[in-house]
Amino acid sequence: MPTPFSTAQSADLMLSAGSGAGATLGGFSGWAVALMETLGPLGVGFLVFMDNIFPPIPSELVLPLAGFTSSQGSMNIFIAILFATIGSVVGAILLWALGKWIGLERIARIAVKMPLVDVDDVHKTVAWFDRHGDKAVFFGRMVPIFRSLISIPAGMRDMSIVKFVLLTTAGSAIWNSILIVAGFFLGENWSIVETYAGYFQQVVIAAVIVFVIAWIVLKVRKRRRRKAAGTADSAADRTDGRTDSGES
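Residue numbers (my numbering): 30 to 277.
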């Protein structure tokens, strides 16, 4: 049985040939289209807002569906993009506020208690965000997984709310426009967008996994070298002590 968040590849998400926006769609897609047809752009904004704070609702599915719904005359595509962007920004602001509330000191105390993480790692991460935070927020809005999460460190580092909103709006508008416009022109073939966006997400996930594994391997090797160096220094000190005792 398909889950509420089944992707477009599932049989229950396929469109009947020659059907319109009111066509029978199953699972989450059917509910999303019904919501957008009922609420119009407000429905788009709500779904995208939920995508920001509740990742199981995928924008890679919602946005092409919004474009498809617009292509059937249920709403204006430009208004759909506007409300999708508003939903993105409002959701991002909530996560920015969460990051600000958590604060850097609190997250640092938690991080150093984690295996393989030390204070130096926290400082390096903060320094990186201080140098590249603007680009991270802007481009992060177009990258699966990071799209929502990037708002939290921005809040932790007290990024200006004005700057944050401007960067988030710009990045979100680009991402939303690409997927909504693609869904609009593909019409009943809107699921193609979700399919390729899914490939992109898989690449991102694979890259994250590779990065994490590489980081763990490097940290383990570094700690082993430190331990070996400490053992060697201790042995040398004992040897020097015995030599000094013999000479005396």
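Take these hints with a grain of salt, some might be off.
[To be verified] Keeping only pairs whose Cα atoms sit at most 27 Å apart, straight-line, the calculated DSS-like set for lysine-lysine is:
id	residue 1	residue 2
1	K129	K192
2	K164	K192
3	K153	K251
4	K164	K256
5	K164	K153
6	K248	K142
7	K129	K164
8	K153	K248
9	K192	K256
10	K142	K251
11	K129	K153
12	K142	K153
13	K129	K142
14	K256	K142
[Claimed, not checked] Label-pair distances were calculated between CB atoms; the ranges are:
id	residue 1	residue 2	range
15	F240	N218	50 to 56 Å
16	G216	H161	25 to 31 Å
17	R135	G102	46 to 52 Å
18	T154	V239	39 to 45 Å
19	T154	N105	22 to 28 Å
20	W60	G102	35 to 41 Å
21	N105	I221	34 to 40 Å
22	T67	I131	33 to 39 Å
23	V232	D187	28 to 34 Å
24	K164	K256	33 to 39 Å
25	N105	R252	56 to 62 Å
26	I242	I108	40 to 46 Å
27	R254	I190	42 to 48 Å
If you are wondering where the hints come from, they were derived from the structure by calculation, not from laboratory data. Just so it is clear, CB atoms sit at the ideal spot from N, CA and C, and this is done for glycine as well.
Could you grab the alpha-carbon distance between K153 and K251 and see if it respects the 27 Å cut-off?
holds, 16 Å
Holds or violated: 33 to 39 Å for the Cβ distance of T67 and I131?
holds, 37 Å
State, for the Cβ atoms of T154 and V239, whether the hinted interval 39 to 45 Å holds or is violated.
violated, 18 Å
Restraint check for K164 with K153, where alpha carbons must lie at most 27 Å apart:
holds, 17 Å
Starting from K129, check that the Cα of K142 is at most 27 Å away, please.
holds, 21 Å
H161 and G216 - C-beta distance against the hinted 25 to 31 Å
Hint violated: Cβ distance 39 Å, outside 25 to 31 Å.
Falls inside 42 to 48 Å, the C-beta gap from R254 to I190?
holds, 44 Å
Agreement of K129 and K192 with the hint, judged by alpha carbon distance not exceeding 27 Å:
holds, 15 Å
Can the restraint linking K256 and K142 be considered satisfied, given a maximum Cα separation of 27 Å?
Holds, at about 19 Å.
Need the status of pair K142, K251: alpha-carbon distance at most 27 Å?
Distance of about 18 Å is within 27 Å: holds.
Range hint 35 to 41 Å (beta carbons of W60 and G102) holds or violated:
violated, 20 Å
Kindly confirm whether 50 to 56 Å is satisfied by the beta carbon distance between F240 and N218.
With Cβ atoms ~34 Å apart, the hint is violated.
Violated hints, in rising order: 4, 9, 15, 16, 18, 19, 20, 21; the structure is consistent with all others.
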